[in-house]
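Participant: Sequence:
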Amino acid sequence: MAVSNTLGPSILVTLEDALAHAGVTPAELGELFGNMTQQLPMQGVQNKTPSTVAASPNINPDQASTAATPTNTAPHVSAGSGSNSVTIQNSSNHVEKIGEFLNGGSTTTPVAEITLKPGESGTVSYQNGQGGYIAEADASGTYQPTASRLEFYADANGVNNTDVSYIDGRNASIEVSDGQGKTVGDTKSIASAAPESTLTHDSAGNATVAGWYDGSSSTMQAGGAYMEQQLGTGNAYIHPNDDQNRADNTNPMTMAQDKSQTYTAKFGDA
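Going by my numbering, the residue at position 202 of the sequence shown is 224; the numbering climbs one at a time, nothing skipped.
Careful: at least some of the hints might be erroneous.
Unchecked claim - In silico lysine-lysine, DSS-like type, Cα no more than 27 Å apart, as pairs:
hint, residue 1, residue 2
1, K210, K139
2, K204, K119
3, K119, K139
4, K119, K210
Keep in mind the hints are simulated off the structure, nothing from the lab.
These numbers were taken from a predicted model, which means no experiment stands behind them.
Given these sequences and hints, build the entire structure.
Facilitator: Here is the structure:
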């Protein structure tokens with residue numbers, strides 16, 4: 023049986039007289055009619071619901087209405103404090119624990135830490151006048167001295183400077199952009215082709231390429247030579263004397279110092 027959603031004039035008059043006799047005010051009457059007109063179209067939709075979900079007998083109308091609603095399962099992650107920050111993106115294929123270390127402090131226990139699943143992002147903050155580095159822990163949560171470093175420094179006025187260093191080793195590729203069109207570092211994954219003698223692996227099998235450091239061992243020398251061959255020395259620190267080897271005594275790897283910069287760093291596979 024068809025149900026009309028239109029109220030005729032005679033019905034309205036009858037309702038108005040009855041409600042007035044019952045002491046209902048015009049304002050209350052208007053509110054009543056407004057509610058009725060809002061509910062009646064919904065009744066028409068509900069009457070059609072069985073035919074639209076008939077093809078899926080195991081789904082009730084409530085489930086059908088919520089099944090397509092997307093959910094946000096990646097809350098924003100942040101750590102540290104201060105007016106300066108770097109956004110970290112996990113571009114690797116494994117969970118990353120990222121720690122912040124300050125100059126002169128511990129190199130094993132970070133002052134701030136975030137954990138990111140593949141594809142997730144978070145922020146690490148620091149104060150004016152602070153400098154240090156950001157690194158990734160191994161699968162056991164230990165920060166090794168051979169980790170890749172995203173080095174940072176903010177002066178007393180909040181002017182920032184960052185660079186990428188693989189001098190001590192490379193357990194992640196790091197690329198950082200300044201929001202002004204300049205990037206340093208790289209997004210390459212080179213560990214799989216590195217000489218086996220230069221590699222170590224954590225408990226999950228993630229590789230670290232030995233860094234040059236002071237070149238006092240054949241492993242350091244081979245690891246540094248391999249990274250220089252694959253990456254060059256113009257976009258990330260490979261050797262401790264990179265600066266001294268530059269004829270113009272400048273470092274093209276550091277970002278232009280500008281308070282309007284917004285740093286974003288991708289931590290990928292080594």
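Participant: If a hint holds in the structure, say so; if it doesn't, say that too.
Facilitator: Do the hints match the structure? See the list:
no.: 1; hint: K210 x K139; verdict: holds, 19 Å
no.: 2; hint: K204 x K119; verdict: holds, 26 Å
no.: 3; hint: K119 x K139; verdict: holds, 9 Å
no.: 4; hint: K119 x K210; verdict: holds, 20 Å
Checked against the numbered hints given earlier, this structure breaks none of them.
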